[in-house]
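In order, the protein sequence lines correspond to chains A and B.
Whatever position you read off the first sequence (first residue = 1), add 3 for my numbering.
Whatever position you read off the second sequence (first residue = 1), add 1112 for my numbering.
Just so you know, the hints here were simulated from the structure itself, not pulled from any lab data.
One or more hints might be untrue.
[Stated by the list, open to error] Result set (EDC-like, lysine to aspartate or glutamate): computed pairs, CA atoms no more than 16 Å apart in a straight line:
1. B:1368 with A:187
2. B:1246 with B:1267
3. B:1311 with A:5
4. B:1227 with B:1437
5. B:1372 with A:134
6. B:1323 with A:5
7. B:1138 with B:1429
[As the list claims (entries may be wrong)] Just a few of them, taken from the derived set where beta-carbon distance is under 8 Å, the chain B residues facing chain A:
8. 1269
9. 1474
10. 1476
11. 1479
Fair warning: this is a prediction, and the values are worked out from it, not measured in the lab.
Glycine included, C-beta positions come from ideal geometry on N, C-alpha and C.
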Amino acid sequence: MEQFLQQLTNGLAVGSIYALIALGYTMVYGVLRLINFAHGDLFTYGAYLGMTLLTSLALPDRLGLVAGLLVLAVMVMGLVAVIGAILERAAYRPLRDSPRLSAVVSALGASIFLQNALMLVYGARYQVYPDVLPQSALEVLGLRIPILRIAVLLVSLAMMAALYLFVQKTRVGTAIRAAAIDQDAARLMGIDVNRVVLLVFVIGPALGGAAGLLVGLYYGQISFTMGWVYGMKAFTAAILGGIGNIPGAMVGGLLLGVVEALGAAYLSHSWKDALAFAVLILVLIVRPSGLLGERVAEKV
Amino acid sequence: MNRMLRTLAALALAAVGSAGAADTIKIGLMAPLTGSWASEGQEMKRNVELLAAEQNAKGGLLGKQVEVIVEDDGGDPRTASLAAQRLTTKGVVAVIGTYGSAVTEASQNIYDEAKVIQVANGSTAVRLTEKGLKYFFRTCPRDDEQGRVGAAVLEKSKARRIAILHDNSAYSKGLADEIVAILKAKKLDVVFFDALTPKEQDYSSILTKLKAVTPDVVFFTGYYPEAGLLLKQKRQMGWNVPFIGGDAINNPDLVKIAGKEAAEGFRFLSPPVPKDLDTPEAKAYVVAYQKRYAEAPSSIYGVLAGDGFRVVAKAIEGAKSTAADKVREYLTGGLKDFPGFTGRISFNGKGDRVGELYRVYQVDKAGGFVLQP
């Protein structure tokens, strides 16, 4: 039982990162029906920019730990959002009316470009974050949970909740939802679809960048290829929850993390990915559009 | 990138003042310049290029200049087979590399068919030299030797419950199997044997599982990025079981990733690290390397690639020919106790390096790698 609970917390922490990245996939897909394969790399950019800003500005020393990290997070999210917006302008908008395959190829190309650009700037070595966060842990019911792990989970959940409220409760959010349902109809209603798309490419990458920063701060070790594994897992999470659906991405991410952790615990660590994908296949057989995906034929 | 390298190589050649630039002896280097082992690959390239420049300054080989042709294998078997095909069509006499065993394995047959000498520098999987490939050599030792040393260390540590963790790669699984076979033969208790997935960042689930079987010691046969994270996360869990690792963990970045506190006390097997190379040649070489690249070599596998280049150069000189059969004959017969940077080098008929190379290292408080007596 103790092991079960410990693994559950392990899984939730990893899953919350997956969920945060999955939001970027799902938002872009919801509006454009495009899988943004470069999203995993934007996540990596978040991690690298966070490291550079952290070491060069030393914000936690100047502003105190919490305020410093908050400012850092805002800066990283802003910068990655700018990269996301440029990506949309340069790689996706020119192909908006082309066949969907062209956009997918462009996305893959953008991913390779971003990844190698990062390698040329930072070198191929693993990079390491400076130790700024306390390494202490909470002891609850015989469980030992690092405080950072709880923080990662809470920060992710807070960001997901904020996004959900933004999309559901504000006028801009309504515009995003309208564009996701039918771009032409949205345009007729006076919604500037181009701006909506740009906004989606600002919010998604900002969240992805924040996830990158969290991973960097928590795990300490980052590499220019790390976006691949996380991107693939997050993409899986997005499909699991129903791609195009924001709560679905959160549920999918957390579920995937937990399934992996429990799979590693009770089967074998080397089988955990297989188990995660088996769950995905099972879910897709029963619900082809994902756990929370709408059953709308033309959406799939 | 590649074009730039080639231009640079051409410029370097021109600077040395070679008259017949068209008529050179081409030696290939296949290294993971990108991908997750890129730092190893970049060092391999530095070592081989430095040695080639030194060789050319001394007049080259058989009166010709040496040209190093670098191909990136990306640390990936598929990329490696393409790289091998490109190298063989460029008329290389011999190829140095590469690092990972699975990657080397993907290229072995291509070189063998093209009759190109291959000298791997980091591929320790046993079966690479058990296939009867005529032109394959390696300057690194084999995993069965490492397995013997590893099992001996475990036996000496008096640990009663031993956990073995690998990462399912050809090297890591091979080494883990070797160790387990020896431990079982000695009736020692292996309480855990499982693999993790490399390139992830969260290993808390496997650590939690490991902790539940209460081992006295954990032997991890994988690579340093994962080892660093394991040590760090083990400390976060507040678990202080001793960890031991194999030779793929020998990289200073281990301490950077894990942090000094978490890495302290960690032990690993390895050929001697560059700073512990004690022959006069090796010391002079480290100085020359430092002069050219403004930092000391940090990876032993880069130096082993350098040794690979030197034995090939020596064999071409000794055989007075670049024909693969003659070079092979010299390497297996003529070359005895060649003073390599990493110790004396001789090859047996299989292409394996003869002699014991493994030492035990421990990470000290300051994060340094200290050779254990």
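Hints, verified against the model:
1. B:1368 with A:187: 53 Å, violated
2. B:1246 with B:1267: 37 Å, violated
3. B:1311 with A:5: 28 Å, violated
4. B:1227 with B:1437: Judged against 16 Å, a Cα distance of about 8 Å means the pair holds.
5. B:1372 with A:134: 11 Å, holds
6. B:1323 with A:5: 12 Å, holds
7. B:1138 with B:1429: 14 Å, holds
8. 1269: This hint is violated: residue 1269 of chain B lies away from chain A, its Cβ roughly 24 Å from the closest one there, beyond 8 Å.
9. 1474: Because about 21 Å separates residue 1474 of chain B from the closest Cβ in chain A, which is outside the 8 Å limit, the hint is violated.
10. 1476: Hint on residue 1476 of chain B: violated, closest Cβ of chain A at ~19 Å, above 8 Å.
11. 1479: 12 Å, violated
Violated hints for the displayed structure, listed by number in ascending order: 1, 2, 3, 8, 9, 10, 11.
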